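So you can see what is in the structure, the chains are spelled out below.
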Amino acid sequence: MLWVTAAGPSVYKETSAPTYGEGRLVSIVEVQGLRKQYDPPKGVLAVDGVSFDIAQGEIFSLLGPNGAGKSTTISMLSCLLHPSGGDALVDGHSVVTDAQAVKEAIGVVPQDIALYPDMSARENLLFWGKMYGLAGEALKTRVDEVLELITLVDRQKDRVEKFSGGMKRRVNIGVALLHKPKVLYLDEPTVGIDPQSRRSILDGILALRDQGMTILYTTHYMAEAQELSDRIGIVDHGKMIAVGTNGELVKIVGEEAHVELSVDHSLEGMVERWAEVRGVTTAMIDEDRAVLLVQDANEVLPRLFETAAAAGSRITEVNVTEPNLEMVFLHLTGRALRE
Amino acid sequence: MSRILAIAWKDLRSTMRNAPALAMMLVAPLALAALLGFAFGGGQSFSISATKVAVTNADTGASVAAGTAENAGGVIVGVLKSPDLKDVITVSDKSSAAEARKSVDDGKTAAAVIIPAGLSRAIFGSGSTAPATAVELYENPTQQIGGAITESIVGQALLGFNGARAAALAAAGLATANGDGARAGKLAQEAAAKYMQGGGAAAGVSVTQRAPRLPGRQSTKDVGVTGTILAGMMIFFMFFGANNVARTIIDEDRAGTLPRLFTTPTPRQTILGGKFSSVFVTVLVQAVILLVAGRFIFGIDWGRLDAVAALTLVAAAVASGLALLVISLVRTPAQAGAIGAGVYLVLALLGGNFTGSAAAGGTYANVQKLTPNGWLLQGWDAVMRGGGLGDIGLNLLVPLGFAVVFFAVAVLRFRKRYA
Numbered sequence: 001m002l003w004v005t006a007a008g009p010s011v012y013k014e015t016s017a018p019t020y021g022e023g024r025l026v027s028i029v030e031v032q033g034l035r036k037q038y039d040p041p042k043g044v045l046a047v048d049g050v051s052f053d054i055a056q057g058e059i060f061s062l063l064g065p066n067g068a069g070k071s072t073t074i075s076m077l078s079c080l081l082h083p084s085g086g087d088a089l090v091d092g093h094s095v096v097t098d099a100q101a102v103k104e105a106i107g108v109v110p111q112d113i114a115l116y117p118d119m120s121a122r123e124n125l126l127f128w129g130k131m132y133g134l135a136g137e138a139l140k141t142r143v144d145e146v147l148e149l150i151t152l153v154d155r156q157k158d159r160v161e162k163f164s165g166g167m168k169r170r171v172n173i174g175v176a177l178l179h180k181p182k183v184l185y186l187d188e189p190t191v192g193i194d195p196q197s198r199r200s201i202l203d204g205i206l207a208l209r210d211q212g213m214t215i216l217y218t219t220h221y222m223a224e225a226q227e228l229s230d231r232i233g234i235v236d237h238g239k240m241i242a243v244g245t246n247g248e249l250v251k252i253v254g255e256e257a258h259v260e261l262s263v264d265h266s267l268e269g270m271v272e273r274w275a276e277v278r279g280v281t282t283a284m285i286d287e288d289r290a291v292l293l294v295q296d297a298n299e300v301l302p303r304l305f306e307t308a309a310a311a312g313s314r315i316t317e318v319n320v321t322e323p324n325l326e327m328v329f330l331h332l333t334g335r336a337l338r339e
Numbered sequence: 001m002s003r004i005l006a007i008a009w010k011d012l013r014s015t016m017r018n019a020p021a022l023a024m025m026l027v028a029p030l031a032l033a034a035l036l037g038f039a040f041g042g043g044q045s046f047s048i049s050a051t052k053v054a055v056t057n058a059d060t061g062a063s064v065a066a067g068t069a070e071n072a073g074g075v076i077v078g079v080l081k082s083p084d085l086k087d088v089i090t091v092s093d094k095s096s097a098a099e100a101r102k103s104v105d106d107g108k109t110a111a112a113v114i115i116p117a118g119l120s121r122a123i124f125g126s127g128s129t130a131p132a133t134a135v136e137l138y139e140n141p142t143q144q145i146g147g148a149i150t151e152s153i154v155g156q157a158l159l160g161f162n163g164a165r166a167a168a169l170a171a172a173g174l175a176t177a178n179g180d181g182a183r184a185g186k187l188a189q190e191a192a193a194k195y196m197q198g199g200g201a202a203a204g205v206s207v208t209q210r211a212p213r214l215p216g217r218q219s220t221k222d223v224g225v226t227g228t229i230l231a232g233m234m235i236f237f238m239f240f241g242a243n244n245v246a247r248t249i250i251d252e253d254r255a256g257t258l259p260r261l262f263t264t265p266t267p268r269q270t271i272l273g274g275k276f277s278s279v280f281v282t283v284l285v286q287a288v289i290l291l292v293a294g295r296f297i298f299g300i301d302w303g304r305l306d307a308v309a310a311l312t313l314v315a316a317a318v319a320s321g322l323a324l325l326v327i328s329l330v331r332t333p334a335q336a337g338a339i340g341a342g343v344y345l346v347l348a349l350l351g352g353n354f355t356g357s358a359a360a361g362g363t364y365a366n367v368q369k370l371t372p373n374g375w376l377l378q379g380w381d382a383v384m385r386g387g388g389l390g391d392i393g394l395n396l397l398v399p400l401g402f403a404v405v406f407f408a409v410a411v412l413r414f415r416k417r418y419a
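As they're listed, the protein sequences go chains A and B. The numbering of the first sequence is our numbering, which starts it at 1 and goes up by one. The numbering of the second sequence is our numbering, which starts it at 1 and goes up by one.
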């Protein structure tokens, strides 16, 4: 079920456990009014009353620009930060009052590589396994399984510091899988790695979902959120501004296409003129380009060229994109997602 | 418990794989101890090589009593050549003052003692008729210790002459006051003659080498300079070793592994306990390696095993507690390095890590007792001299008290930081 809040008052809202696919699913993560203010009362309000649910076996993505509050939200759900307000239940346990039980239910993959570089992949996994309470043969067996899973069996004795970025990322994820958590948190796990490694990680995440694992994923890459997620929560300035499936969210902007135009001069004047053109619903400047939302690109594009010609400007580049999450974000916040 | 050990073992292994850290913890104290030990004569004693002294005696002597002539210069030469001083100075006779000075200029001797021709007349002359004169001590300015020893010996001898002369003049003055002037001069000469035949001829000046002793304690053996220095260096570098490991708390916080540890079901107090344990275990291993190395490389006799073990454990506790306290007060690795180094250096200077504790006296001895390392060093000195656990009770308890306070404050600060 879709719910949306604009950057201000609620437009419409649905906070019950999500339903999608075949009927209602059981929530394993329930977040209610989660709030975090650093150094109150005047400090930064990083998370401002965020609420959402994640169903068992679901991939739920938090999508938003850097600084939106995604990592702070994950830190609170990991019991790393104490919420300033609100609460969250993970597998039925409160992050505020029952942190120990929450930690046993979750696996956390932090945004930065959090491994011991002077230890081998196997040594890292053995150490972290002990921290998750594994021991003896069970630990060794599970480490072997995880090494298989992250396809690093042949490099298990090499020090992590000698690994490529992608391999480190895989070990970073492997650590969080050691104790077979019920919920896996992945905080931007593909930042700074090559496309091949990214593909490998995304495939691995989908495979984990297929095995029944619940995944909370944060990203500022729209394509990742679209590809992976059963549902997506869009966050901005610490607020959850929309939640739904990809299809539901895209419907927010209707059938509007995203048109980017570059002109040889007078960009601001052209944007003002284009905003008046029939079929253009939104017109703004993004860096050195005009960004327009249009109802039917095939009909509107000729009018845009005519307007430019009439104003004495020459269009030097055109880029048309069908409706997507980027456009949803643009629509809801007036800013591009990458800002 | 197994998780605490896992964290401690992980840190210990990381430290052992860190070559610069190992060099700082193990090689530096051994190298410094060896260097300073050899500089002070090496091996197991404080002995300083004998000072070479050139002597020329131009004194022609003087009549002391009827029929008796004495040569004060000869007495001084006799003192310098005394068998009691053979380990301290080696005397070579020169025929002239110029030759004696040349031997110093050429670096062949550390000092030259030049005895003037009128020395005996100056000493044994009566009343104001005695000419003023002085024994010249010609020193090599780069060998001040040798010069100081020679000056001390010659000074002692001259002091004896002057004392005898003063006593004789006093007696003569008394006789003159009684109207017996002729007898006064005789008395003075007789007194001088008796001095020459008794105290002076007996060469009463001597220097006895003596190893420092702890007040009120029986010392049964001398302590080697290398052992004393290595004990000081060991404690000093234990501070740095502990600091290196404790600093991993900040390093791990910044690298993200500490926050990640906090997301695991392992309780925070267990994680911090593991980090604390790793600091203690690391410096304990460091101390044991240095003690063993000192025994086998330098032949140092550290003393009774139980006392050495107790001192080592307490030293490790002090170093760990202090390092954790320092780390709990700083935010960055750079601060940890700079502030830690400052604190440890000041403590080492005050506590006597560079000078040894036994040689300290007066105010400095009291200052040393303001520091845990000062107490430890005194304890170490006592044990190396043959003391046992009973002799070093305070040397264990006081530093242990320091360690407990350091540790408690560090725990409070870490709890606040990582609550």
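None of these hints come from the bench; they were simulated from the model. Mixed in with the good hints there might be a few duds.
Stated by the list, open to error - Chain A residues, not near chain B, derived (Cβ > 12 Å throughout):
no.	residue
1	Asp48
2	Leu77
3	Gly86
4	Glu104
5	Gly107
6	Gln111
7	Asp118
8	Asn172
Claimed, not checked - For each label pair, taking beta carbons as the anchor points, the in silico distance ranges come out as:
no.	chain 1	residue 1	chain 2	residue 2	range
9	A	His82	B	Gly337	57 to 67 Å
10	B	Arg17	A	Thr141	26 to 36 Å
11	A	Gly43	B	Gly390	56 to 66 Å
12	A	Asp210	B	Arg17	37 to 47 Å
13	B	Arg268	A	Pro195	50 to 60 Å
14	A	Gly43	B	Pro267	55 to 65 Å
This structure is a prediction, so every number in the text was calculated from the model and none was measured. Where a beta carbon is used, it is the ideal one built from N, C-alpha and C, also for glycine.
Here's how the hints hold up against the structure:
1. Asp48: holds, 23 Å
2. Leu77: violated, 10 Å
3. Gly86: The claim holds: Gly86 (chain A) sits with its nearest Cβ about 19 Å from chain B, beyond 12 Å.
4. Glu104: Non-interface label fails for Glu104 (chain A): nearest chain B Cβ at 5 Å, not farther than 12 Å.
5. Gly107: violated, 9 Å
6. Gln111: violated, 8 Å
7. Asp118: violated, 6 Å
8. Asn172: violated, 9 Å
9. A:His82 / B:Gly337: 57 to 67 Å: violated, 31 Å
10. B:Arg17 / A:Thr141: 26 to 36 Å: At 27 Å between Cβs, range holds.
11. A:Gly43 / B:Gly390: 56 to 66 Å: With a Cβ separation near 58 Å, Gly43 (chain A) and Gly390 (chain B) satisfy 56 to 66 Å, so the hint holds.
12. A:Asp210 / B:Arg17: 37 to 47 Å: holds, 40 Å
13. B:Arg268 / A:Pro195: 50 to 60 Å: violated, 39 Å
14. A:Gly43 / B:Pro267: 55 to 65 Å: violated, 28 Å
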